[in-house]
Structures are given as C-alpha cells and as structure tokens.
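The primary structure of each chain is shown beneath.
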Amino acid sequence: MLRKYALTMGLSLLGLMACGQKTDNSGGNSSEGSGTTAQESAKETAKAEGENNSDVTLSVSIWDTNQEPGLEEIMADFTKETGIKTKITVVRWADYWTAMEAAAQGGSLPDVFWMHSNESERYMSNGMLLDLTDYIKNSEVIKKENYPTDIWSLYGYEGKDYAVPKDIDTIALWYNKKMFDEAGLAYPTADWTWDDLTEAARKLKKPDGSQYGFCLRPNNDQAGYYNMILDRGGYILNDDKTKSGYDDPKSIEAMQILETWIKEDLIPSAETMSENSEDVLFQSGKVAMITQGSWMIAAHKKNDFSLANADCVELPKDKVTGRRVSIYNGLGWAAAANTKHKDEAWKLIEYMGSEKAQRKQAELGITMSAYKGTSEAWAKSAPFNLQAYLNMMEDMEILPFSRSTVSWEDANTELVTKVYTGELTMEEACKKMAAQMNEKLAEEHAK
Amino acid sequence: MAEEKKKGFSFTSREKNEFIWGWLFILPTIIGLVVLNIIPIINTIYQSFFKTGDFGRGNIFVGLQNYQKVFADKEIWQALLNTVRYAIVEVPFSIAISLVLAVLLNKKIKGRSVYRTIIFLPMVAAPAAIAMVWRWLYNSDFGLLNHIFHSKINWVSSPSIAVYSIAVIGIWSILGYNMVLFLAGLQEIPGDYYEAAEIDGATGISSFFNITLPLLSPTIFFVLVTRVIASLQVFDLIYMVIDNTNPALGKTQSLVYLFYRYSFVNKNIGYGSTIVVVLLLLTLLVTVLQMIGQKKWVYYN
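From first to last, the protein sequence lines stand for chains A and B.
Residue 344 in numbering that gives the first Met the number 0 is what sits at position 345 of the first sequence, and the numbering runs on without skipping anything.
Residue 188 in numbering that gives the first Met the number 0 is what sits at position 189 of the second sequence, and the numbering runs on without skipping anything.
I should point out that these hints are in silico values taken from the structure, not numbers from a laboratory.
This structure is a prediction, so every number in the text was calculated from the model and none was measured.
There could be a bad hint or two in this list.
[As the list claims (entries may be wrong)] DSS-like, lysine-lysine: derived pairs with alpha carbons at most 25 Å apart:
hint, chain 1, residue 1, chain 2, residue 2
1, A, K439, B, K50
2, B, K250, A, K431
3, B, K68, A, K431
4, B, K73, A, K430
5, A, K240, A, K262
6, A, K439, B, K73
7, B, K151, A, K205
[What the hints assert, rightly or not] What the simulated footprint calls covered on chain A by chain B, stretch by stretch (three residues with Cβ under 8 Å from a Cβ of chain B suffice, anywhere in the stretch; the number is not a length):
hint, stretch
8, 123-131
9, 215-223
10, 263-273
11, 294-305
12, 405-413
Beta carbons are placed, not taken as given, at the ideal position from N, Cα and C, and that holds for glycine.
Next up, chain A with everything else stripped away, as it sits in the complex:
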C-alpha cells in the first residue's frame, strides 16, 4: 500500500509543474521553424487551389458575449455571399490573451480574431499576424481614408498593416434619473465640469452608506481618470513612448480630483468596488453616476433597471482648461500569419470592414463602427441619449499604449488601489506609477 501511495504522491508533485508548460523556440530554432512554415504554407496553397471555397470554415475568436449574436448575423450574410463558413468562439477578456499567447506559441491561432492595442505590437513585431498591406492596397472595399487614422496606427508596424478597424469606442457619463429627482438636482448636462460632478456627488451621497454619488474603480483608466488627466492638460505617455506623464504636475492635479472623491467617500470603498463592478453597483441602485465606454451599451439595454432609471450624457469638462476629451480606442480584425486559408481570412476581414457590414454592426447596436459616417444608426439602437457618445468624438485621444501596456497597467492599478486604501497619497502614487512605467518603457526600447 505504501508503494501505491508513494507513486500517487509522486504524480501529484509532477502535476505541480504541468501548468508551466511552454514551448521554447529560442534563437537557434527560428530559422528551422520558418522553413517548416514556408513548406506548410506551400502545401496549403496547393490544397486551397484544389478546394472549393464552400468547404472552408474559418475559426473566429472574440471576447465579448454581448456582441456575439449580432456578429453571427453579419457573418451569416458573409457566408451567404461567399460560401465561406465561420465559427465564432467567445473567450472572456480575462482569459482571451492567455489563450492567444498559448495558441500563438503553439502555432494554432484562430484564422481570424479581434486584436487590441494593448497587445497588438507584441503580435505584429513577432510576425504572428498576417500582413494585410497588399490586400488592403488591392481592395475595392477597404479605403484607409474611411477610418480614423489613429486606429490604423494601432495595428500598423514598420509601415505594414496587420488589422482592419472593427469599431470605435468613446466614453460618456451615466446617471440615475430617479436619484437625481429624489435629491432635487437637475440632471447632468454637456456643460458640466468635473467639479459639478463632485458637487452633485456630495448631495447624492447618503450618510448611511446605502447610496453613493459616483463610482470609479482603481483600474478604470480608460473610461475614468485618463480622460480627466487629458482634460487638465496632463498626459499618460509621451509621443515616442519613452516617458510616463503621471508625474507631470497637471496629471497629478487631475488625479487629485479622484483623491477628493476617495477622501470624502463620494465613491464606495475599494473593498466594495473590488467585489462588484461599476455597472453592477449602478444597476443595483448603489451609486448615482458612473462613466461607461460605449461597448457597455449592450449590457444596459438588456437591463430593466437601466431602462427604467438611467440615461447618459457627455463627460464633464475640465474647469481650468474647458477641454472635454474622450479616450477612444478601436478593435481590429486580424488574421493569423500561419492560417491555412489566407485568402478566405482576408475575405472575411474585408467583409467585416466594408461599409455595408459596418453599417449593419451599428444598426444592430453591436457597437459604434469604425467606418466614418456609419455610426449614426447606432445612436438609435437603444432608448438612451447615445448621441452623447457620438458627440464625444469631437475631441478624442487614442488610448495610450506601448509594447508592455498590460504590465504597467497592472502595476498602476495596484498603486492606485493603495490611494483608495489610504496607504499612499495620490501624489506619491503618481510618482511611483511614473517611475515604474519609465523603467518598463526603458526596457522596451532596450530590445
């Protein structure tokens, strides 16, 4: 019996390391590796020529369940038109990049998938994505001038394009009409400043902690404090991505507005917010206002509480500069460099980027579309003042990113959380964030 147990123990020990599995492809192997890929692709082209398109099923990966039904519908049109079938897999955001990382190393990326600016540079610079430059040049449907230049820049590397813009997102302020009525306050307007928001939050807050005026999680940079920093004239990352702007006096000033909210308990505690996301707190009547990206609409238009009580409006402006910035970002449709169906993958990407599909994406209320002038239909896709999101496009700045975005963002979240818990002042946290970002940026450029 002892022996049997000992064996099982040994096995459990071995299991410990299993999660660390990674294929290694150090420098020496890379030439060998590319040889095989070339061979394989030659074989595949030969095969593809002999095959009818209708036999091809493209694997497609996305991370947003809310968008799946709408995209299915558009892709059904695509299948009708071309005979190429598609199969969508949804992997939630938190696991998407882990799965992609493993797939990329194992050479089994899906044929077509969503790309995000947080990760794009790593994938492009390592040759993981299919080079679309020539396809785009020869395309009748995709004309670069029809999409915001900044979104192309997210998915361009060394003069080549690796994705076609899918959508565009901006930020707006959501408020609970009932709570404003109860407090006898006028609803927020497009003329609000962040200080007006602070003022209103003070009045909306109930002393027993059953209701808070506002809500902003420590990790809500894109829909939260990035906008405030840019409004004030600060910055997050300089243009050549070598320096963090968190220690800029203007950035600190803007972040100190957040510190006021924390200190006066105008927002729920970090504990509460870590257990419940902002939309949950808003939709359960705990907070009166939140900032939300346009990608969240799908979650609100299906929610009875939001439908009955909520509406949205443009973000507040900065009191000093009068500027109202919306951080914006856009996803891209990319294909794997080693896909077996290069031409079919391009056809799908081209279709998804076409004016027709982009317009349908907006009409179905999936998201705002990247194709200029197609998003108006989106504003009517839900009974909220979605025009606010379109108006936010008047002054947009692209979401800051560099090669190691995810890494410095994660560290920043941890530092901002320390301000929420009172371990650091905002000024200290900002200086630490700048320091750790600068360190990581230096490392990026050392490569």
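Fit chain B to the supplied structure of chain A, relying on the hints for placement.
Positioned in the frame of chain A, the structure of chain B alone reads:
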C-alpha cells in the same frame, strides 16, 4: 528471484512476453506523464535561467539572476507566507472534518448513500463555478452571509481575513474527496477489533482513538501528503475570487498566482518559471520531511 539471477540475462519466452506486455500496458500513462509533466518540468527549469522573449523567442541566458531576484523579492516572501497560511488552515481542517464525517457515514444509518453523495457533490462541480458561488455568498454588500448574520464584514476584501475565507472554500470543496478516501480506509479495518474492544469495555471514543486512528494512519498520511502538495499550489480559488483591484490581493496571492501574474500578465515567463521551481523545491522538501516524520505515527500492518 534467486533463480532468475542465476540464469543471467537470458529471458524465457514467457518472461519476454510479460516484459513486452507490461510495458505496453503502462505505455499510455508513461507517454502522458512524459508529454504533460516531465517535459514541461524540464522546460520550466530550463526557462528559469533565461530572460524570455515574446512567444518564447529570443531567450537570453541570464544564469542565476532570476533566482537572486526571487530571493530578494518581498512580494514572493509575502506570497509564500500567504500560501502557507492557506495550507495551515485548509489541510488540518479538511482532514479532521472529513475524518469525522467518514466515521459517521461508515455506520449503518438511514440514507447513508444520500449523505455521502451530497458531501461528495462539490467535487463534481468545476472549481471556477464553486468560486463564483462563494464569491456571491461572501459579497460584503449583497452576500447571503452578511445578510444572515446582519454583519458588514469584508470577507474577501479585508487583507486580514480574505486568505482564511478562501481557505474555507477550499475545505468545503475537498471534504467529499477526503471522505471517500477515508471511507475506503475504514472498510479495510476488520470489525472484530471493535467487537473485541467492546467486550473489553471500550467506549466509542476510545476505540476511535485506539483502533480507528492507528489503523487508518496510512490513509491519513496519504491524504495529508497529497493535500499539502495541492494546497501549496492553490490558484483557481484566488484567481476567481480576488480581483486585481482588491485591497486584499497582496495578502492573499499565492506563489502560483504570482507565477500566473508574471508569466501571463507581465509576459515574463523566465521569472514566472523561477517562482514555480522554487515552489517545486519547497514542496519536495516538505514532502521529504513528511516521509521522514511518518515513521513516528503511521502504522502499516
């Protein structure tokens, strides 16, 4: 054996046959072990000496640098402490409770198999699902626990108690598995021992301590060793329950959680690998100590 030795290395055809079939039978397991466990272990150890590049390309050899960094890193020591805290709560409680349950459910009572099934049920559910359910039970604003006790405790976001709250989930989900092992062990104990003890006037409690415990000690030892190993690897519960904005993150993240953060969030696979190698060595050490210690309290018939 002695006869075989005399013959030297010449096999009879039957021995040859048995040899081939023997290997054939264990081949699937061996292939699985090599591909899923042994190669990754070697790979992980190998990578711990490198500064790894994107997608496993362009690794740079850095010798022991990662190890020096690990030992100087306060975060790692804190994570080690968190892991040990988790293990110290999870292992003894899960063993003690499931042992009592096993003894009770080994008696002939009505609905015995129903109870056994209910207690084993958490084992069948996916750990992620279990964590989600508990996350809601623990929720400080909307959770059932605070609602029942009329309390306002931050079960999973207060740095001082979050790790123990997670250990409770761990205990709850492993009870059934431990219990089944103990039940199997209990059924190997001959009933005559208890009869004899009863005739000699032993009470239920004293026969538990004098008959059940010693005779069950090999099973207890097995459960102890495997639970210690498993609890040192705790990850999924923490990952599901603790968000990266959670103030308790620093005081709950385990070594494997840190490995995940370094390898998959920060894309520093070399450093992540180093953390797991350290954990492997630690686990080996603890297991060896237990193997030595067992001589004092485990009785094999």
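Structure-based check of all given hints:
1. This hinted pair checks out: K439/A and K50/B have alpha carbons roughly 14 Å apart, not beyond 25 Å.
2. Restraint check for K250/B and K431/A: satisfied, since their Cα atoms lie roughly 20 Å apart, inside the 25 Å limit.
3. Annotation: proposed proximity of K68/B to K431/A holds, straight-line Cα distance about 20 Å (limit 25 Å).
4. Restraint check for K73/B and K430/A: satisfied, since their Cα atoms lie roughly 21 Å apart, inside the 25 Å limit.
5. Pair hint K240/A plus K262/A does not hold up; C-alpha atoms about 32 Å apart against a cutoff of 25 Å.
6. At roughly 19 Å between alpha-carbon atoms, K439/A and K73/B fall within 25 Å of each other, so this suggested pair holds.
7. Our distance criterion of 25 Å between C-alpha atoms is met by K151/B and K205/A, whose separation comes to about 17 Å.
8. Look at the stretch 123-131 of chain A against chain B: 3 of its residues bring a Cβ nearer than 8 Å to a Cβ of that chain, three or more, so the hint holds.
9. Interface restraint, the stretch 215-223 of chain A with chain B: holds (3 residues with C-beta to C-beta distance below 8 Å; minimum three).
10. Under the rule that three or more residues need a Cβ within less than 8 Å of chain B, the assignment of the stretch 263-273 of chain A holds, with 5 such residues.
11. With 0 residues bearing a CB less than 8 Å from a CB of chain B, the stretch 294-305 of chain A misses the requirement of three and the coverage assertion fails.
12. Taking a C-beta to C-beta cut-off of 8 Å, the stretch 405-413 of chain A contributes 5 residues in contact with chain B, enough for the three needed, and the coverage statement holds.
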